[in-house]
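Each chain, written out:
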Amino acid sequence: MTWAAIAIALIQLVFFVFLAPLVVGVIRQVRARLEGRAGAGVWQPWRDVRKLLRKNPVHAEGSSWILTAGPLTVLVSSLLLCALLPLVGTLSIPLIPNDLFVIVSLMLVGVVALALVGLDAGTAFGGMGSSRHMTVAALVEPTVLLAIYALSIPAGTSTLSVIVGTRLQTPAVILSPVSVLAMVALAIAIMAETGRLPVDNPSTHLELTMMHEAMVLEASGRDLAWLELGSWLKLAALLGLLGNLAAPWGILTDLSIWSVAVGIIAVAAKVLLLGILLGAGEIFLAKVRLFRVPELLAGSFTLALLAVTASYLVA
Amino acid sequence: MTAVTAGMLAQFVLASITAALAFSVPASVRAVVSGIACALTAAAGVVTGALVLAGVEGSLTLALALPVDPLVFEPTRLGGLFMVVISSVGVLVSVFGIGYAHGTAAARTSWMSLAFFLLAMQMVPAAADSVSFLLMWETMALCSTILLLAEHRNRREVSSAAIWYSAMSQLSFLLLLGGFGVLAATVGSTSLAAIGSSVSHSPAGGLAFVLLIVGFGSKAGLVPVHVWLPRAHPEAPSHISAAMSAAMVSVGAYGALMVCMRLLHDGPLWWGLAIMVIGGVSAVYGILQASVNSNLKVLLAHSTTENMGLVFLAIGASVVLRGSGATAAADAAMLAALLLTVSHALFKATLFLGAGAIQHATGEVNLDRLGGLLRRMPWTSAAFGVAAMAAAALPITSGFVAEWVLLQAFIHGSPAGGAPVSVAVSVAMPLGVAIVALTAGLALLTFVKAYGIAFLSRPRSAQTTASEVPVVMRISMVVGAVAVLAVGVLPGPVAATVASTMRLTREPLVYMVGAGGISIPGIGVLLDPGALAVLAALIMVPIVVIVLIVSPNHPRRLSALPWGGGGSRARPRMQYTATSYAEPLVRVFDDVLKPSRDVQVTHLGESQYLVQRVQVEQRVTDLIESRLYRPLLNRAQSFGKLARRAQNGSIHLYLGYSFAALLIILVVVAV
Amino acid sequence: MSAAGLARMIARAGRIAEPAPPAPALAAGAEVFGGSVDVRFINAGGCSDCALEVMSALGPVYDVERYGIRLVASPRHADVLLIVGAVTQNLLEPLRRTIEATPTPRFVIAVGDCAISGGAVGNGYGVFGPVSSVVDVDLNVPGSPPEPAQIVEALRRVSGR
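So the sequences go chain by chain: A, B and C. This note's numbering puts the first sequence at residues 91 to 405. This note's numbering puts the second sequence at residues 2 to 672. This note's numbering puts the third sequence at residues 1211 to 1371.
Extracted from the complex, chain A is given alone in its bound form:
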């Protein structure tokens, strides 16, 4: 059991490092095609990372080792998410349960590291991005925790592997009103957490509209590569989690060559499908004002709170 779980975690790590730039490439390609352009192809993010590794990083006088260690922390935090979340399989590593607070805290380690990188830049842009990013993170955390709490009530535990496993065994749970409310709240929270529209525009060039980009303005070369890869991995892992919560079929519950192949193909399909929907959906959205974002997040928080109290009172 232990070796199977560790093997699954390894498979998830390696596969998602390969898949994450592909998902981002697919999202960009879908947007390009819908905008009437030809697009760079789905492998362009890989070319970007390769080029960044070949550049000589620049750091300013007075900056500290945070500029080197921060991007690595962001990357490690995202990789831990990929290793622990139930993406390819529902086997969890013993002694490290993938329960809600552990997963959310690991995600927040990456968030904090990125915010510190932005502050260490020593510019107004870095501080601005850091401030907005932390404000959104502070307001998103209640929604994420409550949504996963709502999903955990039918399963009796907050370990995500068990939650996905329960949904696999009794698919009726997936369509219950509580589950739908919680999934919608979780989806909005994930959009905010990964910096997608309508909370943040990932392809903006105007510094005053930036949230995530403003923090990385000072990073170059391999530091930038780790930061980009880290945020892509977080997006892919969270999309994989959403996909497995919404449609858990295909996820493996015990280890065999056949089930691993099915699990990999299933999660790749779900993540890519969600990526296509995300790319297409972003065409129709505009970024909301920063001071309207709390209203959006308060709305998703209300949905999650309704989901939890309803599940107690109804069940």
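Keep in mind that the hints are not guaranteed to be accurate.
[Unchecked claim] Here are the computed distance ranges between Cβ atoms for each label pair: (1) Ala1359(C) with Gln613(B): 49 to 55 Å; (2) Ala262(A) with Asp599(B): 57 to 63 Å; (3) Ala351(A) with Leu539(B): 23 to 29 Å; (4) His295(A) with Ala1223(C): 21 to 27 Å; (5) Ala1223(C) with Leu363(A): 22 to 28 Å; (6) Ser346(A) with Val1242(C): 41 to 47 Å.
None of these hints come from the bench; they were simulated from the model. Computed from a predicted model, the values in this text were never measured in an experiment. We treat Cβ as the ideally placed atom computed from N, Cα and C, and that holds for glycine.
Fit chains B and C to the supplied structure of chain A, relying on the hints for placement.
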């Protein structure tokens, strides 16, 4: 004479010796001698508490010249745990004070008061009857007021803070006196062990509960009796702030835990809901005030309110869950309350000592004027960083473990056996999770702000001469940070020890798994943060290999300026400050914070279109103080002015008063 | 515009980008980029006609993203510095700072006659000189202003696609 009795006696003796030494040795060695003596007093407390936790029993009876019964000190295991925690903070504070104390904080009065302050704080958890408890409590309050007044000649705010502080601490003393008095009258004895759960459901028990909880809550800094905390803790010398904020509020938490676990065990449901409400409101209010404040010490003081609010939230949840039948979750919630208190003591002490180090090195505590201290003060920044991570509940720190246990207790709050969940639980538990999540998120922002603005980027003012503090101050901070990490990576043994102080319904609550991990089979959860750290380290290996392969061919280049648009006036002043960092939050929560904004525009000459100067002032004040306390104080003052009319200095009127009083007494006696 | 209206417009418009002309030869030293080129645009003091042509070149009709070319905000992220206009006195120091902020390996492309040799503004009192007097230029795109297709071709020489 058991070891514990000897230990307690040793504390009294050492404290007296410390005071004598502080009084008599010359000023040049006073700091070293007094600091070491105070540290020894506190160390005696650690040893005594550890012995109590190991199961040794002992009792000390001290007869006083006062007309009260002899003082009895007989610590329970809960008291032993708190003795260890409080005394450990005392050791750190004493050692730090050797290097930090200067000016009036290093005077004889201050060191003598510190000795008795530490003694009193350590003996409150050991008290076995109400009189000894209250006597030690009052000594603690008095000595801390003296220590707070150390710098009152240099700064006017110190006196005002001391007035607020002593008024609120006397208020809490009166409430405690009333509560203990009601209990003693009901039971017929002042011994704490005689008060059992039979009192809990009577009206007297309810009255005592309210008085005691509000009294202890005031010392712990809960809303609405918290107004002294953000005034007093910042104005005290930093090592005293650490003692007050880490150890003294723990005494308040000990009181509440004692009430709910021992004295008034198995209380009715409304007690739990009341404590949850106070705790939840304090937690959110405290962290909100902390996140928008730019003074590092005020920020840390408000964060204390938040943490104590979480402790009380956990205690209240435990009472509610026990009342609705989910005993395993109730025990886990109480465990969470204890772990939160222990964790808070450790990291808050380190944070305040770090703030003291910053103040010592730069003379500033205003975050808007700090910056770039990471390179100049590496030890301080490392210790402060670890403690800030614990305050933000990030992994492999003690704060993470404590909040994890709390959330698991909330989530597994359904009663055993599939019984239907009561309405109270089904509303309280999700709201509890929401409150914990919101405070965790805001705490994240607060401590990223505190650490990032103070230590990272460039100095925002001319404080470029900062250098690392002396070794004796570094030692305390590093030990505190190491303790925070130790509890975070090895939560199993710590939680097992903590759980042994609780009155449990059945088998051990906590088991150890893996290499120091924690497992609570009653609610079916386990966690080994050490394994998480190992996993993270393993993941780092291939990344480090890639970096080592890539970096020799692509070396870093040093550039003169950060990229700020290429403009010609790029200066450190253009960086974000702490005030600007919290600005979005002020706008989001402006209904709660109600900031006042004042813009003054000075025009150039007679023109309405040319501006010479624009001045913007934004102030965020404590809403509870302005809406609740000011009107009450104004009312009291006007009442006092009214009463003054009866004292107009005329001897004839005073003679008339005496005559009238005599007349009334004669009438009353006759009737 | 409603979502349905936007969807109808997308369906009607179809492909806006024009077919790609044949790829030009790769410039010397550009192999390191491997088909991913991030461009930072700088207007050193031109009359904005070259800037307008650059805007057009980066638009959907020419679609340079399909060749791996992207506009970025920070020179720390940039591989190519696309400079238009002669270097004026006011922009001299910011231009130097921007170039210094760009990590190597990097390319500098001067677009338009003013950037290459001074052009129409050549010897004015406000002009420091052409771009080559501040930094070594790797590629020139002559013209006053050059066609967007020429600008795209120069960028494709760096990306190799």
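Taking the hints in turn, this is what the structure says about them:
1. Ala1359(C) with Gln613(B): 49 to 55 Å: 53 Å, holds
2. Ala262(A) with Asp599(B): 57 to 63 Å: Once the Cβ atoms are compared, 60 Å apart, the range 57 to 63 Å for Asp599(B) and Ala262(A) holds.
3. Ala351(A) with Leu539(B): 23 to 29 Å: 25 Å, holds
4. His295(A) with Ala1223(C): 21 to 27 Å: 24 Å, holds
5. Ala1223(C) with Leu363(A): 22 to 28 Å: 25 Å, holds
6. Ser346(A) with Val1242(C): 41 to 47 Å: At 44 Å between Cβs, range holds.
Checked against the numbered hints above, the structure violates none of them.
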